[in-house]
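Enquirer: Just need the whole structure built from these sequences, with the hints factored in.
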Amino acid sequence: MAHEETVYEALDHASGGDGHWAFGTGFDEPLAGVDTTVPEGIDPADLGEYCLMLGDDALVLAQQLTRWVTAAPELEEEVAVANVALDLLGQARLLLARAGSVGVLGRAREQATESIPDEDALAYFRDPDEYRNTGLVEAPNGDFARTMVRLLAAATVRLAVFARLRDSRDPVLAAIAAKGVNELAYHRDHAARWVLRLGDGTEESHRRAQAGVDTVWPLLDDVCTATDLEVRLTAAGVAVDPADVRDEVSDVLTQVLERATLTAPDWPAAAPPRGRRGEHTPELAELLTDLQGLARQHPAATW
Amino acid sequence: MSTPTVEHSLDEAAFHEHFDATIAADRRIEPRDWMPEGYRRTLIRQIAQHAHSEIIGMQPEGDWLLAAPSLRRKAILLAKVQDEAGHGMYLYSAAETLGADRADLTDKLIERKQKYSSIFNYATLTYADVGVIGWLVDGAAICNQVPLCRSSYGPYARAMIRICKEESFHQRQGYELLMTMMRGTPAQRAMVQDAVDRWWWPSLMMFGPPDDDSPNSAQSMAWGIKRHSNDELRQRFVDMTVPQAEFLGVTLPDPELRLDPETGHHRFGAIDWDEFKRVISGDGPANAERIARRRAARDDNAWVTEAATAYATKHAARKHSA
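Chains A and B supply the protein sequences, listed in that same order.
With my numbering, letter number 199 in the first sequence gets 199, and the count goes up by one each step, no holes.
Every number in my numbering is 1000 more than the matching position in the second sequence, counting from 1.
Don't take every hint at face value.
Stated by the list, open to error - Which stretches of chain B does chain A cover? Using the computed rule of at least three CB atoms under 8 Å from a CB of chain A, they are:
id	region
1	1021-1034
2	1196-1203
What the hints assert, rightly or not - Pairwise CB distance ranges, derived in the manner of DEER restraints:
id	chain 1	residue 1	chain 2	residue 2	range
3	A	G142	B	L1259	40 to 46 Å
4	B	Q1219	A	D189	47 to 53 Å
5	B	D1300	A	D228	42 to 48 Å
6	B	D1101	A	R232	55 to 61 Å
Derived by calculation from the structure, the hints in this document are not laboratory data.
Glycine included, every Cβ here is placed at the ideal spot set by N, Cα and C.
Expert: Set out below in structure tokens:
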């Protein structure tokens, strides 16, 4: 009885008379209350662009994983995949907000109304050629095996980078990385467990997992190639040169695949960065149409 | 040979007496307690329908996950849809304590042998629908479910406590979205009113048929599975919602809606029960699509589940031989 009354009271009276409920959703402004001053000697434009690279990887992969919600093999997996997507979305929001805080907004700021927060101006009002994610995350999900192989690869790369970014000279980026490391360790573990089960499961799951590996591996060709900007920022103690994590990533992935009785193809020859320079496949344009359509239909709206 | 039967029925009579006394004293029945078959069957049916409603209910809002118009809204919606999957899981677990099997219940949902709340067969046409579902549909669900926190069956009552807390959070988030939209552009305000117009009557139907046409209600009330009648709960919801609608600045689409000063309750117009019957029996705008999605999730991924089972068996065997 008591409980029944409390729930109703919470609903009816939490308004404190003005009808506006106290929300505390935990989803509000990503960098609220954070000192966003850029330390001396760091080029804000470079820092912002770098945050876009990391933020776009997270946003695009979150969007891809979200497609599994209501379509996953088990309810437990719906919950897990939504968790991973939520973590990545949270990382994207922080990183895009960081880019905005140092003035990197490009054409997005001109197109979006002033009342739209920076993170949304960047997410919703940039065109594909302004996105800085790698091809690894924009490739289609494929079946559940390919989705998990891609998540394993993407989480392994990102975890290795974030672990090092905890020492970044930009304290905001360092804090974002520190928070992200725990999340990414879980993502990597979750994907690795599935790759093990699928690789060493049935004949069909093995075949599908191997096909996933064979499709995903070539996408790794440019994930460990630094752009000039990453080289500059690494020298300044802000960023991580992705070439420095290649061996670690390759070791982890090979270990998981071996235990999963899958064959790891050779690491692809390093290619010049494509996505980081705004060169994308048509899949990204499609993904952005889904993501941005409604927000762009109502450019003066706040949500 | 007849002796055991007599003893059995004597035991059963004693068990029944104990069960009745537990219900009468408003204490909880737990999984290992004796219970009448009808009680068990009714509970499984009700809990399964509730679980199915949570799982099917992920879809109408889930349809907006990719297109949510801000990253904050996307995060809120994703967390909410995730909560619904969680609610489905607790409820299926509660049904399993009664001897049901989750996979079997899922099959019954897909084969349309068990129902789910008819509200989820309506399509979500604009983003305002996400807010209105939070406000009205979750609001109605809360009115229905809060009394179930005192349900006579322990595991169900305990699952409902957790679910109700999360639902009330969702309701506030929905209302907050609508408040924001009402402060926004004329197009946004029009979207909100349109969504309210479409969801108001289906929300009232969520409480089920009127009391004089609700065949299972009396027994469920006697068993303490149900605590209030459909019409009582519906009235409570209307009374709670009218001032919220006024504050929001929307009109509820019922010209007969007015406060009766004598009773202090709001009177409302007649509900189209034919529409309710059509939608619940499978002829709503989105029934086929909702079931098809669950069927695809089960069938297209059957190989994943098989692989997980095969892997577990192999590794259990390896551990054993090691």
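Enquirer: Against this structure, judge whether each hint is valid.
Expert: Consistency of the hints with the structure:
no., hint, result
1, 1021-1034, "violated (count 0)"
2, 1196-1203, "violated (count 0)"
3, A:G142 to B:L1259: 40 to 46 Å, "58 Å, violated"
4, B:Q1219 to A:D189: 47 to 53 Å, "49 Å, holds"
5, B:D1300 to A:D228: 42 to 48 Å, "44 Å, holds"
6, B:D1101 to A:R232: 55 to 61 Å, "60 Å, holds"
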